[in-house]
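Enquirer: Sequence:
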Amino acid sequence: MDTSFSFLSQIPNQEGYLVVSTGSVIKSDGELENNESLAMNVQKMLYVGEPLAHIVGKIEKMTITYPEYNLEVVRSGKYTLFYEVKPLIFSANHCTTNQIT
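In numbering that gives the first Met the number 0, the protein residues as written are 0 to 100.
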């Protein structure tokens with residue numbers, strides 16, 4: 000994995016990201032910059048699911064959906080990656096991002 004995490008800035012509709020390793024924020028930007036409390040609370044949610052790993056498999060990705068954005072959480076090796084994206088809105092004619100005004 001690219002440890003500069005430059006690929007995170009290339010995610011479509013991404014509004015911010017956070018990279019955590021061993022309980023510490025190692026890189027962040029945008030809407031999630033320095034949001035360590037969010038990272039720690041979401042990691043607690045991941046740990047709650049750990050006892051189910053032998054039944055349903057290990058949690059590798061989790062999406063938390065809010066009206067204005069989605070928070071994507073991905074585990075990759077020793078890193079947990081968080082990124083905020085605007086959700087896509089589908090209509091009969093086109094697909095666009097959710098623009099809250």
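Honestly, the hints are just simulated from the structure, not real lab data. Heads up, the beta-carbon is just placed ideally off N, CA and C, and yes, glycines get one too. There could be a bad hint or two in this list.
[Unchecked claim] DEER-style ranges, computed between Cβ atoms:
(1) 67 - 8: 16 to 24 Å
(2) 44 - 86: 15 to 23 Å
(3) 33 - 63: 35 to 43 Å
(4) 87 - 22: 27 to 35 Å
(5) 8 - 54: 22 to 30 Å
(6) 64 - 42: 25 to 33 Å
[Unchecked claim] Pairs of lysine to any residue, SDA-like flavour, derived with a Cα cap of 25 Å:
(7) 57 - 29
(8) 85 - 51
(9) 85 - 13
(10) 85 - 50
(11) 77 - 25
(12) 85 - 14
Enquirer: Each hint should be assessed against the structure and marked as holding or not.
Expert: Verification of the supplied hints:
no., hint, in the structure
1, 67 - 8: 16 to 24 Å, "20 Å, holds"
2, 44 - 86: 15 to 23 Å, "20 Å, holds"
3, 33 - 63: 35 to 43 Å, "19 Å, violated"
4, 87 - 22: 27 to 35 Å, "32 Å, holds"
5, 8 - 54: 22 to 30 Å, "36 Å, violated"
6, 64 - 42: 25 to 33 Å, "18 Å, violated"
7, 57 - 29, "29 Å, violated"
8, 85 - 51, "30 Å, violated"
9, 85 - 13, "7 Å, holds"
10, 85 - 50, "31 Å, violated"
11, 77 - 25, "12 Å, holds"
12, 85 - 14, "7 Å, holds"
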